[in-house]
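Residue numbers (this note's numbering), protein chains in the order written: chain U, 861 to 1124; chain R, 861 to 1124; chain X, 861 to 1124.
Take these hints with a grain of salt, some might be off.
All copies of an identical chain are treated as equivalent in the list; a pair is satisfied when it fits inside any one copy or across any two copies.
[To be verified] Below, a list of computed lysine-lysine pairs in the DSSO-like style, where the Cα atoms sit at most 27 Å apart:
1) K994 x K908
2) K994 x K870
3) K915 x K994
4) K1094 x K1045
5) K908 x K974
6) K908 x K1045
7) K974 x K1094
8) K1035 x K1113
9) K940 x K915
Simulated from the structure, these hints should not be mistaken for laboratory data.
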Amino acid sequence: MTTASDMMEKVRRTCPLVHHITNYVTVNDCANMCICAGGSPVMTDAEKDVPDMVKLASAVVLNIGTLNDRTIGSMLLAGKTANSLGIPVILDPVGVGATPYRTETAWRILDEVKIAVIKGNHGEISVLAGSGGKVRGVDSVSSSDDIASSARELALRTGAIVAATGPVDYVSDGKAVITLRNGSKFMGTVSGTGCMLSSVTGAYIGACGVSLESVASAVSVFTIASEVAVRDGKVFGPGSFRTKLFDSLYNLKTEDVDTLLKRD
Amino acid sequence: MTTASDMMEKVRRTCPLVHHITNYVTVNDCANMCICAGGSPVMTDAEKDVPDMVKLASAVVLNIGTLNDRTIGSMLLAGKTANSLGIPVILDPVGVGATPYRTETAWRILDEVKIAVIKGNHGEISVLAGSGGKVRGVDSVSSSDDIASSARELALRTGAIVAATGPVDYVSDGKAVITLRNGSKFMGTVSGTGCMLSSVTGAYIGACGVSLESVASAVSVFTIASEVAVRDGKVFGPGSFRTKLFDSLYNLKTEDVDTLLKRD
Amino acid sequence: MTTASDMMEKVRRTCPLVHHITNYVTVNDCANMCICAGGSPVMTDAEKDVPDMVKLASAVVLNIGTLNDRTIGSMLLAGKTANSLGIPVILDPVGVGATPYRTETAWRILDEVKIAVIKGNHGEISVLAGSGGKVRGVDSVSSSDDIASSARELALRTGAIVAATGPVDYVSDGKAVITLRNGSKFMGTVSGTGCMLSSVTGAYIGACGVSLESVASAVSVFTIASEVAVRDGKVFGPGSFRTKLFDSLYNLKTEDVDTLLKRD
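Isolated chain U (complex conformation):
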């Protein structure tokens, strides 16, 4: 089996181009976190530019954080272009369940585009799985009691690898569910750590292919980086945490990934 640290090394070696159509709130952190993971981010959302850029990419991230009719069209175009070329597409259904527009858009993308990975918080994944999650704004406020089942159910229904992130992270391909227990309490204090993980995941599936293992590795590397970030006691709040999270992911050692990994 290829381990998370093997995959981390492969991402760094191959520097996959990750095309994003994402929100304007956290886009800069997504770009920088993608670089820190070893990828090369690019963002463009004009319909005239999207197909040509997608062709160059190893993975495409669609994030509906600040969607509008123009960018939804661009997301569908990016997704279909990627599908026709065999380039994997990640959907981050930010705020799905909070408003009808977001819910309809997430399902429209899932209907019209073959999505390889769905990455959402517990509430978002529960909403999509139809198991009763609740999303307030863009934050998960409640989810099904059994988020692992929701992740598996949604994976089964969509054919995507599903990552449901929160205090505990679950990754499922519709059969197995991997439970991941790394992370830092500071993750929830910075806007867009979920978005950043989607960008990191783009780099992982771009370099290592789409699999339960590649998605789980992206989650593990990112969350282990958050633990290493706070380890030396120099994180005092959300500002210093974010700064150190970039440094930590960029410098993460394979032995830290191997020894700190909490997975069952």
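Fit chains R and X to the given chain U structure using the hints.
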């Protein structure tokens, strides 16, 4: 009287959802500062999404920093929806007076939406009060000699609580004027500290209601956080200041608010 | 001859207003770096707002990082307005050569607007010079062997001062080529350091006029700031580097510019 530190605790306890239609320059810092204040930020500007998201919010922030015809329509819709539901709306008239488009838009919003709070720099408030301020780009370059009177006059005319921020901050409800003297010289070296304060104010009026005291408390807590940020001598410039401002606001102690508050 | 440190002081003294139409990925860092250089940034891209804001500016930065048809129209309008008023315009042709839309847009701007400065990475400048560079996403992956010649050739053809940035930076007016050898390896680990340099260059040509020397000074001051940022050994990765780069540019001493400058 409820003190600023009481309100700070209430915001943290209730975590109000603050909906923003704001500029793409400083939006990430606004989201993160809103979190550090204890709120939950959400940004969406599509007309199809705005009314449903506004319904979930405790306050709405309209910031005209990078306006265009599409987002002006969304701002008006957000404002009117909020009005119909009794949700308070803050206007941050970024760059009003610098160009006719900004001036006309600020007045159009003030005409069509009942604004609960206007938060601007000295120049912007003077321009809106008609007392001769000057705005260059988005920076205040001159204001009326008596900015306290301008704030009171604008509050009286619009029925909003008015916060005029700068080296000294003034908050007025059209009768009283509170003068606040906290802050750091580094505040002016980071783009968007005014926008961030509007987001923080959104959290305060969302949690504590609209009043002279809740707006003044938001200003005090944010500016006291800027003093605490530099207190340990580890701020060397705008970069380290911004990082520490997030940490400082997030960790701010009630006793620091109580002892450092400079108000007359 | 006016030295780079003289120009640095002049920018700080005069605080030129720099109008930007730029991408939403790195826009916040551009604004903050412009402030740290001594300028005053403003961003607006609505056609109704652009001409009035351009009139107030000392320089205009056009950056095609996340272009769309609406903002291309605004860029052309901004450029033509600036031309009619004698305000210098910088073009940052982000990702030119990666897609036809970007290439066509860069040339359309060069055709319709008199551009004072073109600032691109080695790949982008090679593409525009027709000497065989390659751009992947927004990163330079290969350039002509002789990037100095490409910069000179492009300057000759367009009449612009051309800055080609990378491990070594070249600035040419079509006759002379200045070679600049300052910088840090961390520059390539943060998204948008090229965009930030365009904003800094806006402040320099806004304050000091358009010349081979003013553009070379902007490049030198920014890259020397990156060396000073890492000098005390407290940069551990992209996150801490970015924070310290803001501080370093803001605090840069004339003697550091004078003694660290590597130019031939």
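Quick rundown of the hints versus the structure:
In this assembly of identical chains, the alpha carbons of K994 and K908 lie at most 27 Å apart only when taken from different copies (20 Å versus 36 Å within one copy). In this assembly of identical chains, K994 and K870 lie within 27 Å of each other by CA distance solely across copies; the values are 23 Å between and 37 Å within a copy. Proximity of K915 and K994 under a CA criterion of 27 Å is satisfied inter-copy only: 15 Å between copies versus 36 Å inside one chain copy. Proximity of K1094 to K1045 under the C-alpha cut-off of 27 Å is found in both arrangements, the shortest distances being 15 Å within a copy and 24 Å between copies.
Proximity of K908 and K974 under a CA criterion of 27 Å is satisfied in both settings, with 22 Å inside one chain copy and 25 Å between copies. Taking the shortest alpha-carbon separations for K908 and K1045, neither the intra-copy value of 41 Å nor the inter-copy value of 34 Å comes in at or below 27 Å. Taking CA atoms no more than 27 Å apart as the test, K974 paired with K1094 passes in neither setting, with 43 Å inside one copy and 45 Å between copies. For the homomeric pair K1035 and K1113, neither the shortest alpha-carbon distance inside one copy (31 Å) nor that between copies (48 Å) is at most 27 Å.
When the C-alpha separation of K940 and K915 is checked against a cutoff of 27 Å, the pair qualifies only within one copy, where the shortest distance is 11 Å, while the shortest distance between copies is 34 Å.
Violated hints, listed in ascending order, are 6, 7, 8; each of the other numbered hints is respected by the structure.
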